[in-house]
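Novice: Count along the sequence shown starting at 1, add 53, and that's the number in the numbering used here.
Take the hints with a grain of salt, since some may be wrong.
[Claimed, not checked] Label pairs and their in silico Cβ distance ranges:
(1) 80 to 151: 41 to 51 Å
(2) 60 to 125: 17 to 27 Å
(3) 136 to 111: 22 to 32 Å
(4) 99 to 62: 37 to 47 Å
(5) 156 to 97: 15 to 25 Å
(6) 67 to 111: 49 to 59 Å
(7) 155 to 97: 19 to 29 Å
[Unchecked claim] Result set (EDC-like, lysine to aspartate or glutamate): computed pairs, CA atoms no more than 20 Å apart in a straight line:
(8) 126 to 155
(9) 126 to 105
(10) 126 to 151
(11) 126 to 149
(12) 126 to 141
(13) 126 to 158
(14) 126 to 75
(15) 126 to 64
(16) 126 to 84
(17) 126 to 152
(18) 126 to 144
Derived by calculation from the structure, the hints in this document are not laboratory data.
Note that beta-carbon positions come from the ideal geometry of N, C-alpha and C, so glycine has one too.
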Amino acid sequence: MPETRHALLSDDQLRNRFMNLELPTWENGDDFSHFVTRLVWSLPLREPSPVDSRRLMQMLVGRTGGITLGTCKAIERAAIRAIRSGTERLDYQAFEHEEVWDGIEAPVIMGGHRRKSRRG
Numbered sequence: 054m055p056e057t058r059h060a061l062l063s064d065d066q067l068r069n070r071f072m073n074l075e076l077p078t079w080e081n082g083d084d085f086s087h088f089v090t091r092l093v094w095s096l097p098l099r100e101p102s103p104v105d106s107r108r109l110m111q112m113l114v115g116r117t118g119g120i121t122l123g124t125c126k127a128i129e130r131a132a133i134r135a136i137r138s139g140t141e142r143l144d145y146q147a148f149e150h151e152e153v154w155d156g157i158e159a160p161v162i163m164g165g166h167r168r169k170s171r172r173g
């Protein structure tokens, strides 16, 4: 969020209190799969959730641009929907509903290249 960074860096007191740290984006790979699996395990779902499929990982990285916040929001929304619907599990179909993705957009890729990730 450029606005937040600018606000923090333009004030001496704030700049001294916070570290400017940018997380690299996720790539589809083992690290991302482990992250998603562990996050889903922490949710109060009653049924096993087969979220480690390659197809679902591609969807998550593609729709979020590999950004952690977008991934977490999508998983949270899909879990809430699963609990409310009574399915109590996450799978590929749980992420096919557009309300899961409302407001979550992959970043625009400038010059055809996305920033290189250190993960995945």
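Novice: Check the structure against each numbered hint from earlier and tell me which ones fail, lowest number first.
Specialist: 1, 6 and 15
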